[in-house]
Amino acid sequence: MTSVIVVGAGIAGLTAAWRLRAAGYSVTVLEASAAPGGRMAEAQDGDIVFNTGARLIYPFGGPLYDLIAELGLRNALIPVRDLAASCRIDGVDMRIGLMPGVATLRMPGLTMGDRLRLLALSWRLWRLRGRVDPDDLLSALAWDGETLAAWADRELGPRLRARLIDPVFRGTRSWNAEEISAAFLLATLVPMLGRRDVHVLAGGMGRLTAELAARLGVRCGCAVTRVVAGADGCGVTLADGGTLAADVVVLAVPGAAVAGLLADPAPEQAAFLGAVRYNRLGIVHYAIAGEVAPAMRFLTLAESPVLSTYQQMAAGGRPHAQLYCQLTPEASRQDGPMEPMIRDAVRRLFPDLDAREIGHSEQRITHKLPVPYPGYLGHLARYRAWQEAAARRVYLAGDYLAAPLLGGACASAARAAAAISRHWGG
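Under the numbering used here, the residues of the sequence shown are numbered 8 to 433, in order.
Some hints could be false.
[What the hints assert, rightly or not] Beta-carbon label-pair distances, calculated as ranges:
| # | residue 1 | residue 2 | range |
| --- | --- | --- | --- |
| 1 | 209 | 344 | 28 to 36 Å |
| 2 | 386 | 210 | 34 to 42 Å |
| 3 | 351 | 81 | 39 to 47 Å |
| 4 | 344 | 238 | 47 to 55 Å |
| 5 | 365 | 149 | 45 to 53 Å |
| 6 | 362 | 230 | 38 to 46 Å |
Rather than coming from a laboratory, the hints here were simulated on the basis of the structure.
By construction, the Cβ of each residue, glycine as well, lies at the ideal position given by its N, Cα and C atoms.
With the hints as constraints, model all of the structure from the sequences given.
Listed below in structure tokens is the structure:
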């Protein structure tokens, strides 16, 4: 029986292992952290509970929803309808919906020309249905040569970009429109047209990865330091000095970490990994005495150079109510303590902070999301074609190989598992 070691027990690694186990392979999953889940899990610091990365499940993502169904978790999906955030732009208060819909046309401050441009663009996007895949940015390769900012300025105009594009991308993904390709928006916006719901999981976002890990028997606290591919198989060196061997290795860690693990990568692997970029994300979570009214706000750069998203969360199943305070992309790149940097901005939004704060926790995600900058998809297309063309000893899997979403991570892992099955037999 062909043996496979999967390095990384995030949603990509667990999906690859699940698919390979079902195909008849002997699979071992190694995870450096004390618990599985990667960026789809929960963490706790004292009485403060927070997500390790992903906060929502969007209403698309075939491979992800397939997993949810196979594990019997469909009933655990909790719909969140008409999710929106308040924002103040040019002195006008408005609500910005995370799902595009008719309500967008009723936003204050829009001219008749703005509304006509939105209607015309909606019709052009609707005609792309079935042609773009939110789980695979390569389906939108035609739009990869232009920044989202340039595309939005041409299609919508700067006024609409400032109201509909910039706050959402800075507030949800910590990306600037000038730094990413228009392909991401085209691939993901089209399947959201006409939708109103996103989902969370009852019991936390880590429920899916915890269930997969339990069924697969993940070895946690088992850090890998080196993977060597040879003619007869792969050798895996562990941080404790131990070694393991397998016919095939799947590296399902962030793309920025692969080069540090893989000894003597093939030229195609080295070239691709050199093109992978990630953003950083900084978040400060506050525990608050008493209850708070749920609210979410996006802040423009003019309002705050350090804070892009502010959210009040009722206690729910947590020990206390909490404030979620996400730093701007610019502030997230800075080193050093984050809470002193944003405290004055948070006080303005929550004047009772000093009196009601129980404590706070800083969360810094070094590799939050792969950045789909203009031209990146060309590198991805070349690498994926190489990986899938013939049998390899080492395969890569992760959202950076498909789309920077949970569905993209699952889709990439499913593709890697399918390639292994073609190349190595079932």
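Verification of the hints:
Between residue 209 and residue 344, the C-beta spacing of about 35 Å keeps the proposed range 28 to 36 Å intact. Our hint of 34 to 42 Å for residue 386 and residue 210 holds, since their Cβ atoms are close to 38 Å apart. The beta-carbon spacing between residue 351 and residue 81, approximately 45 Å, falls within the hinted interval of 39 to 47 Å. At about 50 Å, the beta-carbon gap between residue 344 and residue 238 stays in the expected band of 47 to 55 Å.
About 51 Å separates the C-beta atoms of residue 365 and residue 149, a value consistent with the hinted range of 45 to 53 Å. Range check, residue 362 to residue 230: about 43 Å between beta-carbon atoms, so the 38 to 46 Å window is met.
In summary, this structure violates none of the numbered hints.
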